[in-house]
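J.: Read top to bottom, the protein sequences are chains P and S. Its first residue numbered 1, the first sequence is counted upward by one per residue in the numbering used here. Its first residue numbered 1001, the second sequence is counted upward by one per residue in the numbering used here.
One should not assume that every hint holds.
[Unchecked claim] Only pairs whose alpha carbons sit at most 20 Å apart, straight line, appear in this in silico SDA-like list of lysine to any residue: (1) S:K1043 <-> P:E50; (2) S:K1043 <-> P:I151; (3) S:K1095 <-> S:K1043; (4) P:K140 <-> S:G1250; (5) P:K109 <-> P:V132; (6) S:K1043 <-> P:R164; (7) S:K1043 <-> P:S152; (8) S:K1287 <-> S:P1277; (9) S:K1043 <-> P:F155; (10) P:K11 <-> P:E50; (11) P:K109 <-> P:Y119; (12) S:K1043 <-> P:A165; (13) S:K1043 <-> P:E161; (14) S:K1043 <-> P:Q159; (15) S:K1247 <-> S:P1277; (16) S:K1287 <-> S:G1250; (17) S:K1083 <-> S:H1072.
Treat the hints as calculated values from the structure; they're not laboratory data.
Given next are the chains, with one letter for each unit.
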Amino acid sequence: MAAQPDFLWIKNDMSPDGRVFRVSRQAAQHSTILRALIEDFEGIDLWKKEQCIPIKIHVSDQCLSDVLQWAENTKTAPEKGENADNNKQVELAAEDMHFFREAITTSEKLYELLMLTDYLGIVPLYNMACQVVVNMIMGKSAEQIRRMLGISKDFTPEQEEAIRAETAWAYDEEQPPLDR
Amino acid sequence: MAKNHKRDLVTAEAVIGVAELGIIIFGFLYDVNDLRNAALVSKRFYNAAQPYLWAAITIPCLCMHPRWRDQHAFWDRFSSFLKRNTLSLCVDMQKMAPNLYKRFTAGNRRWESHARNSTRSVLKRGVDELFSGLRETLLRAERLRSFSARDVPRVLDLLILLQRHRAEIQCVNITASKHDTFGLLLLPAHDAPHWRQKVWLNPGLTVPLANSINLGLDIGVAPYGLQWDPNHAMRSLCLQYKRAGGKPLGLRTLTLGYGFEIADNDLNRAITPAGVPHYLAYLTNLKALEGLHLESLHDKNKSHLRRLSDRLGFSLISSVSAPYARCLTGLRKAT
Chain P
1 MAAQPDFLWI KNDMSPDGRV FRVSRQAAQH STILRALIED FEGIDLWKKE
51 QCIPIKIHVS DQCLSDVLQW AENTKTAPEK GENADNNKQV ELAAEDMHFF
101 REAITTSEKL YELLMLTDYL GIVPLYNMAC QVVVNMIMGK SAEQIRRMLG
151 ISKDFTPEQE EAIRAETAWA YDEEQPPLDR
Chain S
1001 MAKNHKRDLV TAEAVIGVAE LGIIIFGFLY DVNDLRNAAL VSKRFYNAAQ
1051 PYLWAAITIP CLCMHPRWRD QHAFWDRFSS FLKRNTLSLC VDMQKMAPNL
1101 YKRFTAGNRR WESHARNSTR SVLKRGVDEL FSGLRETLLR AERLRSFSAR
1151 DVPRVLDLLI LLQRHRAEIQ CVNITASKHD TFGLLLLPAH DAPHWRQKVW
1201 LNPGLTVPLA NSINLGLDIG VAPYGLQWDP NHAMRSLCLQ YKRAGGKPLG
1251 LRTLTLGYGF EIADNDLNRA ITPAGVPHYL AYLTNLKALE GLHLESLHDK
1301 NKSHLRRLSD RLGFSLISSV SAPYARCLTG LRKAT
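With these hints in hand, go ahead and build the complete structure from the sequences.
T.: In structure tokens, the structure reads:
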């Protein structure tokens, strides 16, 4: 039996020119989706360029390229059945910090990265992106978050007051409860 | 067209607004203030932050809060959140009911009988209402896995409440009030093995009664409907406490009210250094005890009291087992 080629192909289906990207077998191991595809269709024509795997979410070619480059550069892919835990605080290694500094220069790119890593199941990079978003939010007031992320307030004053009332335990230093 | 769509989609709001993504992202936020601020950003942010805001809560108050315009109690007002999201519940008396806390701890270094004291009755009603509110809250928090309480009186009542309504709970951490003048109640023996198996032996369970300085026990402060065996209550309490792995407390005062008398027969057993310790020693270190108050003995006839006094005086209070005990209120009044 002939050895399988070492690359598969991914097409950005939602970009205007449908650019195709080459992904090494090793890099594909970072993605739970691609890993499952390789396992399920190993003997079929998965490795031919005309059988490229479509990406069906709105992300830029640049984002797809950056993510795939990260996967190529990151040698230690998780073992099969092993996924990084979600919702655990993540510390970014030096090379990952470098990746975020160089490739993710705007909020828009960061959110694209979140969408794409979620779509492809690249858990470590997804968790890092979540942590970066959270780091942006931490310690800021609602108004500061709105300004930073360009979000407009869509609550009425009554709705906002209702939310504050719901989360009253977080205000315990402002107003003591009325007990008898 | 597609490009425009993309620009609309990939924004912070859009990403957080994707239910799954938003919930995962906010799962990285641990500080409740950060979560609260995030919830106030926009409706989409609120939806993503809400499950985490309600996952671990400290009850602000059970009945009224200045921010709640309606008159609904906590458990009614937030029933759906409690049901859906709450995994961990914290009750801190000083935050939740500071006035009640102040009143039941104020100046009372020693437990006093409630029966002849109207203030005491009012306080008892307040504590009963507190327990009723906690019960309603526990009933609604179906997914509760962790419970902690600080300075709540009647800590064993609290354990019984948890046992009855949330037996599946995995972690209990209760810090007894230093001035719990309301006293403990018995753990029901028939349920105890099941409870212990589930919770008591769990390393997550801590009931540091050792914080207690004063302890008062009286059937009169028990909630309605409690099954009671007045003949053996005290012995049973001490033995159950020991069997449950409790170490002797370091009480300075112990007050035994109605229903918690030391059974007469037990007093016949002299306590000597070589002898078998009195069962009270399982509950508290008698050497550290400064005052033992027997509140309900006034109901008994005088001769009986004298007999008790002698026996107590020589066997329990004045013996080497309790060298520092000075006060024997109930007996002094009568003799």
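J.: Checking against the hints above, which ones are violated?
T.: 1, 3, 4
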